[in-house]
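Colleague: The primary structure of each chain is shown beneath.
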Amino acid sequence: MRRLPWFIKHRPRTVEEVIDQEEAKREIRAWLEGWLKGKPPAARGLLLYGPPGVGKTSLVEAFARELDLELLELNASDRRRREDLERVVAIAATRRPLRKRLMIILMDEVDGIDPRTDEGGIEVLSRLLESALNPIIMTANDPWKDSLRSIRNKCKLVPFKELTEAQIAALLQRICEREGISCDEKALRLIASRNRGDARAAVNDLQALAENGKVSPEAVERLLDWREKSMNIWRTLGELFYAEEAWRAKRAVTQSEEDYETLLAWINDNIPKKYKDPEDLYRAYDALARATQMLRRAKATGEWGFLRYMFDLMGPGVALAKKGEVSKEKFSFPERIRAMTESKSMREQREELAALIAKRIKSSRARVKAEVLPYLFVIFREGSLEAAAGLSLGYSLSEEMITYLAGKRAEQVVSTAQKLRGGKGERRAERGKGLDGFLR
Amino acid sequence: MSEAELLWVEKYRPRTLSEVVNQKEVVERLKLFVKERNIPHLLFAGPPGTGKTTVAHALAHDLYGEDYAMHMLELNASDERGIDTIRNKVKEFARSRTAPHVPFKIVLLDESDNMTSDAQQALRRLMELYTGSTRFILIANYPSKIIDPLQSRCAFFRFVALSKEDVVGRLSYIAEREGVRYEEEALDAIYEISEGDMRKAINVFQAAASLGRVTVDSVYRVVGLAKPREVREMIESALSGNFEEARNALRKLMIEYGLSGEDVVKQIHREVFSSDLKIPEEQRVLIADYIGEIHFRMVEGSDEEIQLSALLAWLSLLGKRARR
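Protein chains in written order, with the working numbering: chain C, 1 to 440; chain S, 1001 to 1324.
The hints are simulated quantities; they were obtained by calculation from the structure and are not laboratory data.
Since this is a predicted model, take the numbers as computed values, not measurements.
Treat each hint with caution, since some may be false.
Said to hold, decoys possible - Computed list of chain S residues with no C-beta within reach of chain C, every gap over 10 Å: (1) F1033; (2) T1098; (3) Q1121; (4) K1227; (5) F1243; (6) N1248; (7) F1273.
Stated by the list, open to error - With beta-carbon atoms standing in for the labels, derived distance ranges: (8) T1016(S) with T341(C): 24 to 30 Å; (9) K276(C) with E1185(S): 45 to 51 Å; (10) N1141(S) with K299(C): 25 to 31 Å; (11) R127(C) with G1292(S): 52 to 58 Å.
We treat Cβ as the ideally placed atom computed from N, Cα and C, and that holds for glycine.
Could you put the whole structure together from the sequences, leaning on the hints where they help?
Modeller: If you want it as structure tokens, here you go:
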């Protein structure tokens, strides 16, 4: 006989049994009651989001049972192409309830809808959200995915909290009692801590251990791998900018899979995307600027404990800067990184040129960049071609350097230089050799 | 028109002390050292473009002749900030053999007021250690940034901003040699703009000459072109609440023009106190206060773009308050 996975066998049957998530329960209940009164609420869809294994799907199932509603579930294992969705969902969702019985359409893991293989699926869903006559509930781990934007704007978003170790340990304890197995309390806590916040994964691990023999701390150590729970950058940003509580914002930056230098760059670019009120903008940047100062202090002193404050400032400091609305503009890739990559060769030309001239006029590169190059730009871009060409020859500038200085006029400057050079009587003999004298 | 051309600041740089037309007092004292064929450690201080570096080279030239560069190590504290680099180079140079006809070698340390006080302390030990074989010439804009123990080891020479006669005289000399046509008032205008900085005056003059006859208008045109418009635009975008546009301008300044965070901060500061910028008077002080704070953080080594972004956000906020 096939053994039933414990996480299904011991799934919560009632709303009450779902661990914690009190706020989400309140919101979902109020929303469903709105439907039951016969009038669809303003938002016809809910998007439940939060880490895996915290009870999103279970809670919807429990509500359907408790409120006696029909439930149509579609999850990632079903095909969700346009046609499939149109057939199954559209009909059900626009059907007028015959016996006053509503049908919850539960779309599990919508962040898993692949825009390529599940062609058009999102569009159908998005249209559905405008006209649905039945409640539509979706779940996602990462609601900030780009692909979900059109859906996100039409839904009410309901956050789910990560479960605490104590809550998960208590759940494991209850399951052990029901299954009649004896368990080491320390082992349960270990399983709970190894599955930070994810009840489903913890229950799976418990089952695996129990079926292999004794559930002891050693066995836990041996069998369980550390489950990486790090957040990708998009989720980090979503969690951070929408966080209302300090802990959530702090978790976003400390559990990101990106290192803090990268994170600083991403946050730096995305503050103006999400905060439009200058008050919010200023508070956020002030916090971020302080964060980089803390980072500097950590590096300068070798006291890495200062990083704690850096995280406080770049996470909660930025998140709680908002008093106004968070803009719906999407997150973007850091422009600075792109600009630096694109301008790499240009910057190299500039540095080489500055070094060359600094040596000749006996000044520093920094001073040349600030006080001499601006005039060279004027000469090369606005001045006479002869003057620019003469300087190109005088300093044996490479073609790349001339391009850097002259921009669109580079070709003209080069050809003028060729003429100047070739025009001189004593150099005529060398003409055949070309221009390698100055075009190295 | 000759074929190859140089920057006039290089081409018309005085090579010997006698060619130096200004800083007469300084030059006379230095000529005495040349006569005695001995110099103490020297500290040249004064505003930019007043001839400090030029005079140091001319002095070495007069002491050692055309090949003076063989006996001189030139370091620039702006580009070689680490005292370790300086220490290693100085050590290596001081230990190398001194040519028999030369009594000592010279270490020229330009922009030495850009050294941290720790680095200056280390330099002080170097000066003591190698004083037998090596003389140091320190060059600085602000002598107050040079620690006392270094100052007390050096003979102090103050360079003053050039007079109008010096600047105009030099420019007309160059004009004659280069065949540049100009109107007299244009040279006055260049002097005003240069604030007695000869390097700047000559650069402006050369750029203006490349546009044709040098007129007051062409001089101002050059100055306008050479000053990145982005600084003013950046400030105005920020004040009008367009933060992202302001930040794009900031990136252009730093990435394309290669300005350092400190350059940007200085330019913003200058603009903030310019009467062209129409903001409530008391805001100039509020901005300066914040500029000072982020400037300090950048000197400490914090991320420059993020610090400057915070400054732009502050400008946006002040702009919003002023509109209310």
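Colleague: Could you check that no beta carbon of chain C comes within 10 Å of the beta carbon of F1033(S)?
Modeller: The assertion about F1033(S) holds, with a minimum of 20 Å to chain C.
Colleague: Would you check whether the claim that N1248(S) is not at the interface survives, using Cβ distances to chain C and the 10 Å cut-off?
Modeller: With a cut-off of 10 Å, N1248(S) comes too close to chain C, as the shortest Cβ separation is near 8 Å.
Colleague: Could you check that no beta carbon of chain C comes within 10 Å of the beta carbon of F1243(S)?
Modeller: Its Cβ does come within 10 Å of chain C, the nearest being 5 Å, so this is violated.
Colleague: Just checking, K1227(S) versus chain C, shortest CB gap more than 10 Å?
Modeller: Given a closest Cβ separation of 7 Å, the condition is violated.
Colleague: Does the beta carbon distance between T1016(S) and T341(C) stay inside 24 to 30 Å, or does it fall outside?
Modeller: violated (49 Å)
Colleague: N1141(S) and K299(C), beta-carbon distance inside 25 to 31 Å?
Modeller: holds (29 Å)
Colleague: Look at the Cβ atoms of R127(C) and G1292(S) and judge whether their distance stays inside 52 to 58 Å.
Modeller: holds (56 Å)
Colleague: Confirm or reject the statement that Q1121(S) sits farther than 10 Å, beta carbon to beta carbon, from all of chain C.
Modeller: Answer for Q1121(S): holds, closest chain C Cβ roughly 18 Å.
Colleague: 45 to 51 Å was suggested as the range; check whether the CB atoms of K276(C) and E1185(S) agree with it.
Modeller: Given range 45 to 51 Å: holds, Cβ gap about 49 Å.
Colleague: Going by Cβ atoms, does F1273(S) stay more than 10 Å from chain C at every point?
Modeller: holds (19 Å)
Colleague: For T1098(S), is the shortest beta carbon distance to chain C beyond 10 Å?
Modeller: At about 23 Å from chain C, T1098(S) clears the 10 Å cut-off, so the statement holds.
Violated hints, listed in ascending order, are 4, 5, 6 and 8; each of the other numbered hints is respected by the structure.
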